[in-house]
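Protein chains in written order, with our numbering: chain A, 1 to 221; chain B, 1 to 673; chain C, 1 to 321.
The set of hints was computed from the structure by calculation and includes no laboratory data. All residues carry an ideal CB built from backbone N, CA and C; glycine is no exception. Treat the hints with care, as some may be off.
Unchecked claim - Cβ-Cβ distance ranges computed for the label pairs, FRET-style:
(1) PRO564(B) <-> GLN46(C): 53 to 59 angstroms
(2) LEU115(A) <-> ALA171(C): 35 to 41 angstroms
(3) GLY258(C) <-> VAL526(B): 25 to 31 angstroms
(4) GLY258(C) <-> ILE6(A): 51 to 57 angstroms
(5) GLN56(A) <-> ILE170(C): 36 to 42 angstroms
(6) THR4(C) <-> VAL618(B): 57 to 63 angstroms
(7) GLY258(C) <-> LEU539(B): 50 to 56 angstroms
(8) HIS621(B) <-> ALA4(A): 51 to 57 angstroms
Said to hold, decoys possible - Residues of chain C clear of chain A, computed beta-carbon distances all greater than 10 angstroms:
(9) GLY2
(10) ILE28
(11) GLU63
(12) PHE168
(13) GLY271
Unchecked claim - Derived contacts from chain A toward chain C, CB cut-off under 10 angstroms, selection only:
(14) ALA4
(15) MET16
(16) ASP28
(17) ARG29
(18) ALA32
(19) MET46
(20) GLY49
(21) TRP50
(22) ALA52
(23) VAL98
(24) ILE119
(25) ALA122
(26) TYR126
(27) LEU139
(28) MET142
Chain by chain, the residues run as shown.
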Amino acid sequence: MNQAQIYDVSHLLAGMMLVASFALLYQDRIFAVLNIFAAQAILLAMAVGWDAWTQQRPHLFITAGLALGLKGIIIPVALHKMIVRLGVHRDVEQVVGVGRTLILGLALTSLSLLLVLKITAAAESYTREGLALALAIILLGMLMMITRRNAVTQIVGFMSLENGLILAATGARGMPLVVEVSVAFSVLIALFVFAVFVFRIRERFDSVDIEALQNVRGDTK
Amino acid sequence: MTGVDFSAAPQLAAILLYAAAAGFAAVFHRHRVALAAVYPVCIAAAAVASFADLAALIADTNAGFRLPLGLPSIGLHVKLDALSAFFGLIVNIGVLTSAIYGMGLDRDRDLSARIEPFFPAFAAAMNLVLLAGDAFGFLFSWELMSLTSWVLVVSRHWDADSRHAGHVYLVMAAIGTVSLLFAFGGLAGATGNYAFDAIRATPPGPLVSGLVLAGAIVGAGSKAGIVPLHAWLPLAHPAAPSHVSALMSGVMTKVAIYGLVRIVFDLLGEPALWWSMIVLVLGGASALLGVLYALMQHDLKRLLAFHTVENIGIIFIGLGLALAFQTNHMEPFAALALTAALFHVFNHSLFKSLLFLGAGAVLHATGQRDMEEMGGLIHRMPMTALAFLIGCVAISALPPLNGFVSEWLTFQAILHSPDLPQLGLKFLIPSVGAVLALSAALAAACFVKAYGVSFLGRPRSEAVRHAHEVNRFALTSMFVLAGLCVFAGLFPGVVIDLLAPVNLALLGDRMPVQTSMPWLSVVPTVEGRSSYNSLLLFLFIVVSASLSGFAIHRSVSRALRRAPAWDCGFPDPSPETQYTASSFAQPIRRVYGTIAFGASEDVDMPAPGDQRPARLTVSLHDYAWEMLYAAPARAVLSLSERLNVLQFLTIRRYLMLMFSALIVLLLIAAVWF
Amino acid sequence: MGETLTLLFGQTVQMFLVLLVAPAITGITRRTKACFMRRQGAPVIQPYRDLIKLVRKEAIVAESASWLFRVAPYLIFALAWVAAALVPTFATGLLFSWTGDVIVIIALLGSARFMLALAGMDIGTSFGGIGSSREMMIATLAEPAMLLVVLTMALAAGTTQLPGVADFLIAAPFTVHVSLALALVALVMVALAENARIPIDNPATHLELTMVHEAMVLEYSGRHLAMIEAASQLKLVLYVSLIASLFLPFGIVRVEAGPVAWLGGGAIYLGKIAGAAILLGIWEVSIAKMRVFRVSEFLGGAFVFAFLAILLTFVTREVLK
């Protein structure tokens with residue numbers, strides 16, 4: 001397998017992760033958001049696994065396995081069940097409209113690509129690509145957290161941000177702590193998820209905002 | 001370039017002729033015959049000047065000499081080169097057609113005496129700007145151009161809107177001239193030589209260049225109507241009589257572009273990277289916001305005026321691309337972009353003049369500027385409707401007419417942008433390209449609205465129902481412009497080749513020779529990469545449309561029956577059931593207006609049983625006006641009210657003020673030295 | 001001379017091929033939908049019969065119609081036909097394929113849409129107005145995405161002439177091009193919107209509130225309606241051929257290869273568009289129409305895909321420099 005093909009596949013996987021981030025911003029149904037998030041996690045697992053295999057870094061398989069098992073399967077399924085049990089609203093409440101969020105997302109992506117490609121001009125190609133896309137995914141995750149009201153989508157935004165972090169950690173060669181970092185983050189996420197569910201979910205969804213109905217906005221949303 | 005050169009003599013003669021007409025009309029303004037002579041003289045002068053400019057452009061004249069006028073010891077430099085000749089051609093074609101239109105106007109005593117003397121003076125001033133060879137002459141004629149057009153804007157001074165428009169225009173024109181003054185000050189630098197040749201020889205340093213660029217963009221951009229300096233334009237252009245609106249919107253904005261091109265590409269020397277970014281961003285913002293503003297209008301002339309903002313934006317995008325390529329020494333692509341921009345300058349002067357004259361014809365025939373009162377004019381004014389349709393297709397950038405050619409060339413320049421080395425430009429230019437595509441599509445929507453609501457459908461008011469076709473002068477002027485639009489659309493190679501000397505002078509490179517291409521195709525850079533042949537496409541379309549029509553009518557069926565409209569079985573004879581201008585724009589307002597104008601709709605729905613009608617109120621915000629104009633105006637007002645106190649002080653306090661001012665100055669001097 | 005004649009013949013074949021194939025796509029799509037709905041469905045040749053029937057009928061024109069209403073159908077048909085004749089179908093290098101690049105082809109369709117929208121407003125009914133207004137709004141959303149798709153193509157192939165792009169892609173080795181795939185998704189989304197297909201518009205409906213395209217042409221009848229129908233079928237052929245020649249360029253021959261080779265190219269082309277028609281049918285039965293103000297989100301998605309395609313191309317070019 002030559003260098004070009006290795007690059008093509010990792011480019012494909014990282015690019016698909018970026019597309020998944022945009023799909024998260026676009027989607028306004030909560031189960032679809034969970035499915036896309038699971039897909040992104042699986043893509044991350046594949047990207048990390050591909051790296052582990054082609055670069056002979058077997059310890060990365062642990063990270064890939066964690067991503068696949070925890071974020072690709074367990075957390076989405078758990079969230080799905082909780083939403084059903086708690087009777088949470090099924091649509092995503094947006095603070096900013098989808099169109100504007102997408103445009104903002106494009107601007108952030110351009111910014112991160114511009115920045116990373118500029119400051120890493122001396123680094124090797126694989127690292128530059130991985131870092132650039134990873135930063136974009138991180139920023140999009142943050143954007144998702146601040147433009148969504150719903151607690152579940154905030155969690156998903158945070159976890160997608162964390163996907164970006166792991167991608168970045170994998171991409172940067174010679175970073176010895178990737179596995180440890182990914183484990184630590186996973187634990188953190190689990191805590192985050194349960195904390196949010198226990199403390200916030202009820203108060204958030206027991207009230208319905210009727211102010212919005214008074215004024216028919218000339219808006220897309 | 002010293003010595004006496006008579007190449008510019010016809011242009012100067014034309015200016016003298018304009019000036020003579022102006023003076024004559026001013027002196028004999030009580031005599032109907034004298035006023036009637038103004039437009040024929042203008043036509044003669046404009047014809048002479050446009051032929052001379054065309055000849056100068058073909059011959060690539062570069063003449064310069066000094067007249068013993070103006071400031072003592074400096075004199076007045078006159079300069080005629082390819083750039084001035086090209087813009088002179090545009091100005092004089094505009095004056096020519098507007099004057100033909102003017103000949104058909106009623107000689108209303110009151111209004112005529114206020115317009116006729118200033119029309120030729122305005123034309124003379126615009127020509128003078130183009131011929132000026134030093135900063136003094138340039139600024140003097142620029143100011144003359146502003147003042148004469150201001151008089152024309154306030155010619156209907158009894159109308160409060162006209163007065164308001166004139167006020168805003170005057171303020172903006174003053175700001176513009178002051179910034180140009182600073183720009184030329186920076187250009188002249190320490191040597192203080194204001195002749196263009198001397199300025200060109202000693203380009204200023206990077207910091208001063210940047211300031212000069214800012215001054216030029218504010219000065220020329222405010223005259224051209226770049227966002228956010230555009231606020232005066234949609235007020236002033238429609239307020240003037242229609243043939244003057246055509247001149248202001250179609251031609252005067254081009255003189256402003258001339259000023260910018262002259263300063264930035266000719267006088268200022270090597271461009272810096274950020275210049276192109278600023279020009280591109282301003283261009284993109286103007287293109288998008290201009291057309292969105294235009295879509296929200298229902299006054300035909302205001303719609304056209306806002307649309308000028310969009311087209312200036314497109315021209316700025318072309319100029320910005322040219323700067324970007326020039327910075328990286330990619331001259332062939334820079335020539336492509338500059339040609340696209342200048343071609344659009346030419347096109348816009350044609351179709352915007354045409355559309356304003358058409359709007360004037362409608363105003364003349366119906367007394368209406370509000371589209372909501374129009375409808376069905378195609379039946380009452382068929383020739384005007386045809387000319388206006390040509391203008392609408394041209395301005396919407398649709399093939400095979402001329403507006404498409406210049407936008408296509410701009411897109412071709414954009415498609416070359418990935419070759420630029422800077423990542424920032426690589427990312428910026430595709431976004432600007434997307435904005436350009438969006439604004440082209442919005443322009444098409446805008447002109448479907450303008451044409452569909454005013455010329456198609458059924459009449460919405462009594463005046464429109466009894467409209468009549470306009471006189472032959474107005475029709476001639478419109479069809480001359482429409483013919484030029486079609487010509488420039490079908491033979492774009494001719495115009496592109498005419499622009500070659502301008503490109504060679506400013507960039508040192510040009511687009512490939514077009515008129516020698518096989519089948520008269522347009523080829524932007526190299527053959528095989530991209531090409532466009534409007535003549536062949538036009539022939540194919542005409543042939544296949546008429547063949548299919550002929551075949552069906554001849555051999556299948558030609559039966560036709562007139563019947564009431566079908567309308568899904570519920571036709572309503574009342575014209576109020578038609579789609580209005582506002583309802584046409586509603587989907588676009590909902591999609592884009594929320595972001596651009598903070599658009600909101602308020603529905604007032606009465607409770608069941610309540611007899612009063614339901615109301616839908618739409619509110620829009622003009623952010624540029626609110627933040628950039630209204631806020632400083634409020635600040636100045638409140639400040640002046642506070643300072644008003646100073647007017648009513650006792651003498652002792654006045655003395656104290658002066659004394660403290662003296663002390664402060666002494667303190668400053670003490671600290672400084 | 002013989003060479004030129006071959007080229008001219010090839011161009012003529014192309015013009016009549018797209019004309020003949022156009023109604024079949026509609027027929028196959030409808031048949032597919034019928035099959036999936038467990039209906040009998042009309043035969044594939046039904047659109048041909050409809051067109052012939054319409055042409056032979058008397059045209060009924062509203063009293064308030066102007067000349068524009070009667071001229072527009074022929075112009076729209078001619079614009080769509082000329083545009084469709086410029087897209088590579090069975091062969092590249094046709095005699096007149098250089099008269100316009102892909103931007104010109106899209107702009108020709110824009111001209112057709114402009115005329116159609118004007119014709120919709122000519123009678124002065126509210127349906128015509130609503131159709132025209134929404135059609136133009138949808139076009140404003142589709143156009144930026146389309147330009148970015150073109151830019152991605154120009155980036156990859158270094159040209160915007162469709163035959164050039166197709167030749168490049170035939171010769172290019174098969175590698176995983178994420179950005180081209182993204183551009184394909186964007187192009188398909190734009191094509192659905194431009195052709196008034198589900199989920200943007202429903203070509204089968206005559207329920208007033210859901211119509212866009214059908215509302216615009218509501219007043220047309222007889223031969224005028226036939227022309228408009230033929231034009232929209234040609235437009236569909238154009239987009240299908242465009243997508244096929246860009247993303248499935250195999251089997252396209254050079255026109256110089258002569259008529260025998262054309263037969264092979266033609267057979268493959270017919271296979272491709274039949275496949276596309278069946279896929280379109282399956283897509284349309286499996287998804288619901290959107291309400292009109294969600295179109296902006298759908299086409300915004302297309303824009304995002306196209307923009308990402310460009311960004312990723314830039315990244316690749318920059319990184320592998």
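Report task. Could you tell me which of the hints above the structure violates, numbers in ascending order? Result -> 1, 4, 7, 17, 18, 19, 20, 21, 22, 24, 25, 27 and 28
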